[in-house]
Amino acid sequence: MKVIQYSQIVEEVAKLCKTACCIVTPDMKAAFKKARENEVSPLGKDIIGKLLENAQIAETRQMAICQDTGMAVVFLDVGQDARIEGGYIEDAINEGVAKGYTESYLRKSVVNDPIFERKNTGNNTPAIINTRIVPGDKLKIKIAPKGFGSENKSILKMLVPADGLEGVKKVFLEAVKYAGPNACPPMVIGVGIGGTMDKVALLAKIAAARSADSKNVDPRYAKLEEELLELANSTGVGPQGLGGISTAVKVNVEWFPTHIAGLPVAININCHAARHADVIL
Amino acid sequence: MSEVKKITAPFDKSVVKTLKAGDNVLISGTIIAARDAAHKILTETLAKGEKLPLDFTNQIIYYVGPTPAKPGDAIGAAGPTTSGRMDKYTPTMIELGISGMVGKGYRSQEVVDAMKKHCAVYMVAIGGAGALISQSIKKYEVLAYPELGPEAVAKLTVVDFPAIVAIDCEGNNFYEVGQAPFKKI
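Read top to bottom, the protein sequences are chains A and B. Letter by letter, the first sequence follows residues 1 to 281 of our numbering. Letter by letter, the second sequence follows residues 1001 to 1185 of our numbering.
It is possible that part of the hints are untrue.
[Unchecked claim] SDA-like, lysine to any residue: derived pairs with alpha carbons at most 25 Å apart:
hint, chain 1, residue 1, chain 2, residue 2
1, A, K119, B, K1040
2, B, K1184, A, L43
3, A, K169, B, K1184
4, A, K177, B, D1087
5, B, K1138, A, L52
6, B, K1088, A, P114
7, B, K1005, A, L52
8, A, K177, B, N1173
9, B, K1020, B, A1037
10, A, K119, B, D1036
11, A, K50, B, Q1135
12, A, K108, B, A1144
13, A, K50, B, L1026
[Stated by the list, open to error] Derived CB-CB ranges, DEER-like:
hint, chain 1, residue 1, chain 2, residue 2, range
14, B, T1008, A, T60, 28 to 38 Å
15, A, L281, B, P1071, 25 to 35 Å
16, B, E1141, A, T121, 23 to 33 Å
17, B, I1185, A, L281, 38 to 48 Å
18, A, T60, B, K1138, 15 to 25 Å
19, A, T131, B, D1160, 41 to 51 Å
20, B, K1117, A, P42, 47 to 57 Å
21, A, P219, B, S1108, 39 to 49 Å
Don't read these hints as lab results, they were simulated from the structure. Glycine is no exception: its CB is placed at the ideal position from the N, C-alpha and C atoms.
Make a model of the complete structure from these sequences and hints.
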């Protein structure tokens, strides 16, 4: 059995918050470069160039890529043979988020309740924590801060089996058009298919946080990722919605078995910042 | 891409009329930061018949909620936020005499109608390019509602702040014009 200290989790989470918010990942930079090369709209090309410039400034100056440093979405893979010592793991995550957002000059964007008071909690907590218990004795922490320009454009639909693949594509297209310039394209789009209402939303979120250079291990779904990308880029939305062929740089699909009577679909859109950082303890 | 037009803010309606959908502009001067919570308070203050904390005549409103500035910096990352969230309040702000807005994303028909009626322009900055845009912001001074934190009303001193005219005062919409040639479905 491996022992992981509470304090270590706090420190690692604080570091991950900074890294995710200030560094554009290599997969996204590569995707931008490819998009800049392929883009036919001169304005679109110019905008993608500016995104690369923005990434450079953020990294050099250790400054947030985007002012909306998001709500901290955390994915935990907890090895069933690992033991956390010194306190409750969710407290450690939240303490790490508070520390990271405060010490690294990130914007605190969380309010205490959604309707009545809406008072800023002042430290960007609570985080959204998704935990899986997995084999082994390691703890994997992945942070994907989510801004709400893109999050607000998510769609979840409970289709029926007769809607089939065409139905999925229709919902996808609806989401891309609904997002338009508001979600800061070129985007990474996460698609969840299957499971239940709650499961499909999580699948879409996992997909949205996946790298731009990854693909689904199932070749049928990998092909679907390609098809959906082409579909997104035929809308004309383009970089910042000002026209072009680079509406998305990547579509990631995650799926799960579902009920005989259902076909849940969720689309979670990630902006061009598509932040993610992880560590294995 | 069109020629870059250099403009000084605040500016009056005579300048608004020269800005056309699709124009690239570089803004220098001062602009006013205000977003969701500030718009809500401003319109509530007006409805109560109370005095506003500043005169909005000819001002350019920037929808922004920056990250905190690091020591030695004027401001943190400061890209535009989604303008549509301000749509409910914008016709009132336009009636108050603002000349324009800077944000990102689509606007409602009510906003476009008010822009045409009172001669105002809607410009967009690159969403998410907060680090890049911060380089053109030289000073950040909170004018009102400091308790709102990143949502406080502030005066920004800018030099060559880059933006694109999305909707001009005649209602021409560059989102439509720009997307049309690439739309296949």
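Evaluation of the provided hints:
1. A/K119 with B/K1040: holds (14 Å)
2. B/K1184 with A/L43: holds (19 Å)
3. A/K169 with B/K1184: holds (15 Å)
4. A/K177 with B/D1087: OK: A/K177 and B/D1087 at ~19 Å, within 25 Å.
5. B/K1138 with A/L52: Within the cut-off at roughly 22 Å; holds.
6. B/K1088 with A/P114: The hint holds at about 19 Å.
7. B/K1005 with A/L52: holds (24 Å)
8. A/K177 with B/N1173: This hinted pair holds, its Cα atoms lying about 16 Å apart.
9. B/K1020 with B/A1037: Not OK: B/K1020 and B/A1037 at ~30 Å, beyond 25 Å, violated.
10. A/K119 with B/D1036: holds (13 Å)
11. A/K50 with B/Q1135: holds (13 Å)
12. A/K108 with B/A1144: Measuring from Cα to Cα gives roughly 19 Å; hence the hint holds.
13. A/K50 with B/L1026: The given pair, whose Cα atoms are some 15 Å apart, holds under the 25 Å limit.
14. B/T1008 with A/T60: 28 to 38 Å: holds (30 Å)
15. A/L281 with B/P1071: 25 to 35 Å: The hinted range 25 to 35 Å holds for A/L281 and B/P1071, with Cβ atoms some 32 Å apart.
16. B/E1141 with A/T121: 23 to 33 Å: Roughly 26 Å apart at Cβ, these two residues keep to the hinted range, so it holds.
17. B/I1185 with A/L281: 38 to 48 Å: holds (46 Å)
18. A/T60 with B/K1138: 15 to 25 Å: Distance hint for A/T60, B/K1138 holds at roughly 19 Å.
19. A/T131 with B/D1160: 41 to 51 Å: holds (47 Å)
20. B/K1117 with A/P42: 47 to 57 Å: Roughly 33 Å apart at Cβ, these two residues miss the hinted range, so it is violated.
21. A/P219 with B/S1108: 39 to 49 Å: holds (44 Å)
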